[in-house]
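Chemist: Each chain is listed here by its residues.
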Amino acid sequence: MEDGQDAKIVVDGLNAWYGSVQALRDVSLTILDRKVTAVIGPSGCGKSTFIRCLNRMHEVAPHTRVQGKVTLDGQDIYAPGVDPVTIRRRVGMVFQRPNPFPTMSIFDNVAAGLKLGGLAPKAYLADIVEKALRQAALWDEVKYMLKRNGTALSGGQQQRLCIARALAVEPEVLLMDEPCSALDPITTLAIEELLQELSREYTIIIVTHNMQQAARVSDKAAFLFMGEDRTGFLVEYGDTKEIFTNPKDPRTEGYITGRFG
Amino acid sequence: MTRALLEKQLQEIQDEVLELGGMVERAILGSIETLKKQDLEMAQLIITEDVAINQKRFHIEERCIQLMATQQPVASDLRQIVAMIHIIVDLERMADHAEGIAKITLLIGKEPLIKPLIDIPRMAQKGVEMLRRSLEAFTQRNVEAAKGISEEDDEVDALYDQVYRELLVLMLQDPRIIQRATYLIWVAHNLERIADRVTNICERVVFTATGHMVEMNVSKY
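Listed in order, the protein sequences are those of chains A and B.
The C-terminal position of the first sequence is numbered 261 in the numbering used here, with every residue numbered one higher than the one before it.
The C-terminal position of the second sequence is numbered 1221 in the numbering used here, with every residue numbered one higher than the one before it.
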């Protein structure tokens, strides 16, 4: 592969079910290291399910099932003996609505993952929290109020707090499920800018309904769609520039130009 | 989900591009007509009307920019808009060539033409016909037609060669006509450039239809 085009996650023939309902069929693609990959597609096409399969979060819901292969740096994350907790530490997640732990201070929110995992000696905790808050571009706004409750922050600050919490455990991949859908446009642009910064160190996969956002922030884009049976599948995957100027598949064209979906 | 507003505006702008094309056609044919008839008043009119063509071009460009800003077009919609922005520039420049021919008509004034005009009107006819078909190919996103039209530029080049050689011979025979013969070479050159710009439109047809930017039939001039 070209320089800077190394595979981080390879998905091969991925299928996912909720009970007897199949949510994803035969998805195969390669996520590149330290790039931003956007996952787009209409509601219910399996975008969130897809990224939840990448850190074994899908199986947390009851009656779910996954089939197919997902490798992280060549390691099969579904192989017997692989600890899902370790995978989830390496592949962190940020959700749609900012969800800071309501009873915890800003500091403790960021430190939560480290404490739970027993990952950091107390002496380094403050350093790690500061580093994570700096990476999330929140440090300057909260450095004098670390003891205050996380919910006292604005929506955009709370989302950056959640990003800091995810970064504190030093993941390699960051999954983001519509991280800006609850935020105003200016805050959204601030998060987008942050993604660009973070992609120097982290592999980022972002699910978004906002196609302009996908076009703005990502290097690669995957378009998922669903058939009559409501099972999602991959229609097209490629360079974002290509997808938004000259998509190969008429269904991608129809969706991104707003003709259907 | 539909994009009724975007589609309506794209259609309206495309119609305006065709209107501009019609104005340019009339300017080209009119300029040759004024030259043939040595009608200085009509030449002046063509020069004045070029202002309207320029305004039309800016008006279309403005609509394209507004549409991009308000509707965020992507993929084939975006390619169509970008192509139209390029096409109107080529159309406007073609009209400038027609205006150039009108100005040469004024320079020649009432001095008799050194020869009856045969190949020059032929070049104009050919160029205008190529222009008309290239815009039709654009509205139909017809790649094959566009490729064919761009090939026809060779015919205009051949006519230019013929005019040039003929006038050169006449100048050698009678140096007193050098100035007037040179004016006619300028006219032929303007027409040759018009056909080249049709090739640019053909390139935009291919881009709109396929997303590929290809250089088509590079003119020998």
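Warning: the hint list may mix true and false statements.
Derived pair list, reagent style SDA-like, types lysine to any residue, alpha-carbon separation capped at 20 Å [to be verified]: (1) K241/A x K1220/B; (2) K1036/B x Q1125/B; (3) K248/A x N1142/B; (4) K248/A x F1207/B; (5) K1220/B x Q1162/B; (6) K248/A x A1209/B; (7) K1056/B x G1030/B; (8) K241/A x A1069/B; (9) K1036/B x N1142/B; (10) K241/A x H1212/B; (11) K241/A x T1210/B; (12) K248/A x R1079/B; (13) K1103/B x E1155/B; (14) K248/A x V1143/B; (15) K1220/B x N1142/B; (16) K241/A x M1213/B; (17) K1008/B x K35/A; (18) K241/A x Q212/A; (19) K122/A x E170/A; (20) K35/A x N210/A; (21) K1056/B x E1155/B; (22) K241/A x F1207/B; (23) K35/A x E253/A; (24) K115/A x I87/A; (25) K147/A x P102/A; (26) K241/A x R1079/B; (27) K1008/B x G258/A; (28) K1126/B x K1056/B; (29) K1056/B x E1012/B; (30) K248/A x V1214/B.
In short, the hints are calculated from the structure, not lab data.
Chemist: A separate judgement is required for each hint: does it hold in the structure or not?
Modeler: Status of each hint after checking the structure:
A C-alpha spacing of about 35 Å is found between K241/A and K1220/B, which places the hinted pair above 20 Å, so the restraint is violated. Only pairs whose Cα atoms come within 20 Å are accepted, and K1036/B paired with Q1125/B is accepted, the gap being roughly 14 Å. The straight-line distance between the Cα atoms of K248/A and N1142/B is roughly 18 Å, inside the 20 Å bound, and the hint therefore holds. The straight-line distance between the Cα atoms of K248/A and F1207/B is roughly 14 Å, inside the 20 Å bound, and the hint therefore holds.
Restraint check for K1220/B and Q1162/B: the C-alpha separation of about 14 Å stays at or below 20 Å, so the hint holds. Distance check on the hinted pair: K248/A and A1209/B sit about 12 Å apart at the alpha-carbon level, within 20 Å; holds. The hinted pair formed by K1056/B and G1030/B meets the criterion: a straight-line CA distance of about 19 Å does not exceed 20 Å. Using a Cα cut-off of 20 Å, the hinted pair K241/A and A1069/B holds, with the two alpha carbons roughly 18 Å apart.
A hinted pair counts as satisfied when its Cα atoms are at most 20 Å apart, and K1036/B with N1142/B does not qualify at roughly 35 Å. Straight-line distance between C-alpha atoms of K241/A and H1212/B comes to about 13 Å, which keeps the hinted pair within the 20 Å bound. Note on K241/A and T1210/B: the hinted pairing holds, with a Cα-Cα distance of about 15 Å set against a maximum of 20 Å. Distance check on the hinted pair: K248/A and R1079/B sit about 14 Å apart at the alpha-carbon level, within 20 Å; holds.
In summary, the hint linking K1103/B to E1155/B is not supported, as the alpha carbons are separated by about 26 Å, beyond the 20 Å threshold. A C-alpha spacing of about 17 Å is found between K248/A and V1143/B, which places the hinted pair at or below 20 Å, so the restraint holds. Between the alpha carbons of K1220/B and N1142/B the distance comes to roughly 25 Å, so the proposed pair goes past 20 Å and is violated. For a cut-off of 20 Å, the pair hint linking K241/A to M1213/B stands: about 15 Å separates their Cα positions.
Proximity of K1008/B to K35/A is assessed by CA-CA distance (about 38 Å); at most 20 Å being required, the pair is judged violated. Distance hint between K241/A and Q212/A is fulfilled; the C-alpha atoms sit about 12 Å from each other, no more than 20 Å. Restraint check for K122/A and E170/A: the C-alpha separation of about 16 Å stays at or below 20 Å, so the hint holds. Restraint check for K35/A and N210/A: satisfied, since their Cα atoms lie roughly 19 Å apart, inside the 20 Å limit.
Only pairs whose Cα atoms come within 20 Å are accepted, and K1056/B paired with E1155/B is rejected, the gap being roughly 30 Å. Pair hint K241/A plus F1207/B holds up; C-alpha atoms about 15 Å apart against a cutoff of 20 Å. Restraint check: the Cα-Cα separation between K35/A and E253/A comes to about 23 Å, which exceeds 20 Å; the hinted pair is violated. Among the hinted pairs, K115/A with I87/A is consistent with the structure: their alpha-carbon atoms are about 17 Å apart, no more than 20 Å.
The hinted pair formed by K147/A and P102/A meets the criterion: a straight-line CA distance of about 13 Å does not exceed 20 Å. Between K241/A and R1079/B the CA atoms are separated by roughly 13 Å; this keeps the pair inside 20 Å, and the hint holds. Taking the CA atoms of K1008/B and G258/A, the gap is near 14 Å; set against the 20 Å cutoff, the hint holds. A C-alpha spacing of about 24 Å is found between K1126/B and K1056/B, which places the hinted pair above 20 Å, so the restraint is violated.
Of the supplied pair hints, the one linking K1056/B and E1012/B holds, its CA atoms being roughly 13 Å apart against a limit of 20 Å. A distance of roughly 18 Å separates the Cα atoms of K248/A and V1214/B; the hinted pair therefore holds under the 20 Å criterion.
In terms of the numbered hints stated before, the structure departs from hints 1, 9, 13, 15, 17, 21, 23, 28, listed from lowest to highest.
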